[in-house]
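**Student:** These protein sequence lines map, in sequence, to chains X and P. Heads up, the first sequence is in the working numbering, so the first residue is 1 and it goes up one at a time. Heads up, the second sequence is in the working numbering, so the first residue is 1 and it goes up one at a time.
A portion of the hints provided could be inaccurate.
Copies of the same chain look alike in the list, so a pair counts if it fits in one copy or across any two.
Below, in silico cross-link-like pairs of lysine to any residue (SDA-like), each with a Cα-Cα straight-line distance of 20 Å or less [what the hints assert, rightly or not]: (1) Lys231 - Asp208; (2) Lys401 - Asn386; (3) Lys344 - Ser398; (4) Lys463 - Leu200; (5) Lys16 - Glu51; (6) Lys280 - Asp39; (7) Lys16 - Leu80; (8) Lys344 - Gly412; (9) Lys89 - Phe161; (10) Lys43 - Lys280; (11) Lys9 - Asp39; (12) Lys280 - Pro34; (13) Lys314 - Leu200; (14) Lys43 - Trp23; (15) Lys67 - Glu78; (16) Lys471 - Asn386; (17) Lys43 - Asp278; (18) Lys43 - Pro279.
Simulated from the structure, these hints should not be mistaken for laboratory data. The model shown is predicted, which means the values in this text are computed figures rather than measured ones.
There are 2 protein chains.
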Amino acid sequence: MEQYINLYKEFRQKIKAFEYAFWLMSWDQETEAPNASVDYRSKQFQVLATESYMLESDPKYIEAIEKLYENLDQLEDEDLKIEIKEANKGLRIVKKVPKDEWIEYQVLTQSGSHIWAQAKEKNDFDMYAPTLEKIVDFNKKLVKYLETPELKGYDILLDMFEEGFGVKEYDTFFNTVKEELVPFVLEVTSRPKQKFNRRLSKAVYPKDKQSEFSHYLMEVFSYDTNKGLLKESAHPFTSGVSSVDTRITTHFYENNLASAIFSTIHEMGHGIYEQQNDPKYDDTALHGGTSLGIHESQSRMYENMIGRSFAFWKTHYAKLVECFPKQLKDIPVEEFYQYINQAKRSLIRVEADELTYSLHVLVRYEIEKELINGKLKVKDLPRKWNQLMGQYVGKRPSTNKEGVLQDIHWSGGAIGYFPTYALGSAYAAQIYRSMNKEINVEKVIEENNIAAINAWSKEHIHKFAQTKTPKQILQIATQQDFTPKYYVEYLKEKFSN
Amino acid sequence: MEQYINLYKEFRQKIKAFEYAFWLMSWDQETEAPNASVDYRSKQFQVLATESYMLESDPKYIEAIEKLYENLDQLEDEDLKIEIKEANKGLRIVKKVPKDEWIEYQVLTQSGSHIWAQAKEKNDFDMYAPTLEKIVDFNKKLVKYLETPELKGYDILLDMFEEGFGVKEYDTFFNTVKEELVPFVLEVTSRPKQKFNRRLSKAVYPKDKQSEFSHYLMEVFSYDTNKGLLKESAHPFTSGVSSVDTRITTHFYENNLASAIFSTIHEMGHGIYEQQNDPKYDDTALHGGTSLGIHESQSRMYENMIGRSFAFWKTHYAKLVECFPKQLKDIPVEEFYQYINQAKRSLIRVEADELTYSLHVLVRYEIEKELINGKLKVKDLPRKWNQLMGQYVGKRPSTNKEGVLQDIHWSGGAIGYFPTYALGSAYAAQIYRSMNKEINVEKVIEENNIAAINAWSKEHIHKFAQTKTPKQILQIATQQDFTPKYYVEYLKEKFSN
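Just chain X, same shape as in the assembly (with noise of 0.2 Å):
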């Protein structure tokens, strides 16, 4: 055995460097490398992928992982027995899917988001739909490679991204959603708008003051910036390689204040959940979060329950409108409070509000659960789009661009992911219930002590990484399953005023 560990923690460590490579080329991509920089980077990363691929895929590591996983009884460290566990699921798609089908279709999804792009560019759904149709068409073959007696269909996709949740839990989750949240949502929407100031949409917020104001919730938030930065990106994301290196980015508008300091707090919940893995798990395969689901709802219950709460603003908006004095004079905090929880039937999944975003996942995970189970095609994607949103959003699509376009998440292959957002946004409200018994939540966000919330996540949370699956660190953090109804309760109490 002993042999057999230590090819896999040498094979582990080479992989591992890669990956550190890897994870900086793309940091630096999305971030601040030159435009006409593209083709030469993306040279050398083919020369190191192709070192890499033959690592992983060489016969002694694999041969390693077998023979672990074979007397996993036989390991004492029980971290290495999750890792095997792990790297043996893994081994999956190198034994039962065909290489020359998995190349390809590693060929289709590389270039299906430039298709993609170009087709949402134009508003031509058309020109997207041959590429999305072969995407659906493999992932209908994989779940038939991948099958078990235990998973099967698009269980198998679900499960890849959000590990035990299946079409039986999420059906359960989007029921609740679809029965209490739908027609509330409709109600609150159709109530007559308020009225705000209006230099709290028109009025200039100059970058340098909203970077600053930025810079100061990062001291709010107690992320180490000793462990990470914040940059500006297109899109704001999270980047971690390791506790000692989360990196986070958000993105300026100046005729939006609201955007970068909800981006910001947002990629801030993603950021400290990796910073406070424990630091044990850098040199092993489980640093990082333990699912999608999980790591949004730290990214969802930051931004949302804690950043757009009024106890926030009541000690926070002062410093706000020394940044902007002018732009936000005589407005008070309570305006300010209601300007950023608006609710409103909107188009795009990524602009929608706390209140309907779930309704925009609802659309998704429908549409997938009948493409995969072949009871929806490719060609009547767009109607059957517009028609879930007019049902649930209660605003239909004039332009497939605003429409099925929007999101390139399918175009890259990941079908099954969409759910873990919305599943997010409840496991936080189900999260933060549960943190609200040991500590006053409003009260230490009042008295700007977001550091408990941080010690608190980290206990329950944060340091496990990914050795504990989504259950389990409900079981932990909660002391129980995942229920939708703390999630929908949270929503009807907050939107009813």
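Knowing the structure of chain X, use the given hints to seat chain P on it.
**Tutor:** Just chain P now, kept in the frame of chain X:
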């Protein structure tokens, strides 16, 4: 032959991909990587560097180089011939230096800069001396291992940094500096000091405005931001990996307006050189500047001969005043020009002005020569340093921190590097004179047409990348061998007024 060519190219491609990763890791480290990430990065670096070393020392790769070198005249591709010659020269180390000694030296010089930094901090030469002694001793052995009938002693080290330049060439150069410049500088710097408006050195120049002016300079110099970028770092530098990705940095001091301006222009000189390399060399081992001296000739010419010229500021001072209306109020361009061209006796090389700069280098050259030929011992360095500073610069340091401990170079094993700094300035004067015969340089500067200077430099210097030696570049650009005459003439004319 075909088979060796293919083998060579295959290895080269892989080695370049690793170099790309190392380049990016170092760029990231120097510009933004979070402090706490240092150890994690260096662990990944070591793993990748080992993989890369395996390639570089692979017997198949070495065999390919040797076979191609033996049959050089059979190669049709002239560029490949040059590459193979260089690659074969690179094999000297592997073949002639005992591996253990070489590795021990790598470890020594890797930790050297840490020890140097601590010793400098504490102004404690004795702390640094044992390390420096080992470095000098190894270099004395190294030149023995590498000596050939043509090249011996210090010449070998000098040639590593500037091909074709040895003690004979440098002695000629530095003797002229000693005879012509030393007395001239001592005379100029003993004149009564000019008085300047206090605001020039005492006002606050906000960072964002300095950054705006640096970006304006990038347009003025046609630095291609599609193939590079400007960022801030502790010490300004240029970092290029291909013609399509050559990045520069600068540093903004709020109390020093001139620093960032001339750092930005200096680094653009380096940057434009590599951006204008023929792109066909991007995938070869021939991309980059041909030598440190030629590289420095470009940065010094852009910084001093263009950037500090009156013609330049006649055209661009208005923009500077626009950025700093209060700070520069009532300060005429003539006064600003005089201010940025003061000559002073100073102790620190990197802060020295254009006139006195080469005298700082002269001190280091004489010391290095005596260290390697055994006439000077490390323990006697401080005494010798202070004596030469008094003699050539007219000012003796009172501490070693401001004396022999000021530069990092020797601690990393770079002996033979310093002389290229002075040589670069002298090259610049010779090249400028030659260019001025074909285009009226002052006129194009004043007409804001620096693109014409870039175009000339591309044709005569930049496009060749590493395919020509420094001596060949001088012949192409000036139809002459190197002569320090124009450098002395230029300085005497500029600083006589």
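**Student:** Is it within a copy, between copies, both, or neither that the alpha carbon of lysine 43 lies no farther than 20 Å from that of tryptophan 23?
**Tutor:** both (16 Å within a copy, 15 Å between copies)
**Student:** Between lysine 9 and aspartate 39, at a C-alpha cutoff of 20 Å, which is it: within one copy, between copies, both, or neither?
**Tutor:** between (34 Å within a copy, 19 Å between copies)
**Student:** If the cutoff is 20 Å on CA atoms, where do lysine 314 and leucine 200 land: within, between, both or neither? Let me know, please.
**Tutor:** within (18 Å within a copy, 45 Å between copies)
**Student:** Go through the copies and call it for lysine 280 and aspartate 39: within, between, both or neither, with a Cα cutoff of 20 Å.
**Tutor:** Answer is between: at 14 Å across copies they meet the 20 Å cutoff, but 37 Å inside does not.
**Student:** Classify it for me, lysine 89 with phenylalanine 161: is the Cα-Cα distance of at most 20 Å met within a copy, between copies, both or neither?
**Tutor:** Within one copy only: 13 Å inside, 53 Å across.
**Student:** Is it within, between, both or neither when you check lysine 344 against serine 398 at 20 Å Cα-Cα?
**Tutor:** For lysine 344 and serine 398, only the intra-copy Cα distance (17 Å) is at most 20 Å; the inter-copy one is 71 Å.
**Student:** As a check of your reading, is lysine 43 near proline 279 (CA-CA no more than 20 Å) within one copy, between copies, both or neither?
**Tutor:** Between. Shortest inter-copy distance 14 Å satisfies the 20 Å Cα cut-off; intra-copy 33 Å does not.
**Student:** Please sort lysine 471 with asparagine 386 into within, between, both or neither, judging by C-alpha distance up to 20 Å.
**Tutor:** The answer is neither: 34 Å in one copy and 71 Å across copies each exceed 20 Å.
**Student:** Please work out whether the CA atoms of lysine 231 and aspartate 208 approach to 20 Å or closer within one copy, between two copies, in both situations, or in neither?
**Tutor:** Answer is both: 12 Å inside a copy and 16 Å across each meet the 20 Å cutoff.
**Student:** Checking lysine 401 and asparagine 386: alpha-carbon separation at most 20 Å within a copy, between copies, both or neither?
**Tutor:** Only inside one copy: lysine 401 and asparagine 386 sit 12 Å apart there, 72 Å across copies, limit 20 Å.
**Student:** Under a CA distance limit of 20 Å, which applies to lysine 43 and lysine 280: within one copy, between copies, both, or neither?
**Tutor:** Intra 34 Å, inter 14 Å, cutoff 20 Å: inter-copy only.
**Student:** Given a CA cutoff of 20 Å, do lysine 280 and proline 34 count as a within-copy pair, a between-copy pair, both, or neither?
**Tutor:** between (36 Å within a copy, 19 Å between copies)
Checked against the numbered hints given earlier, this structure breaks hints 4, 8, 16; the rest are met.
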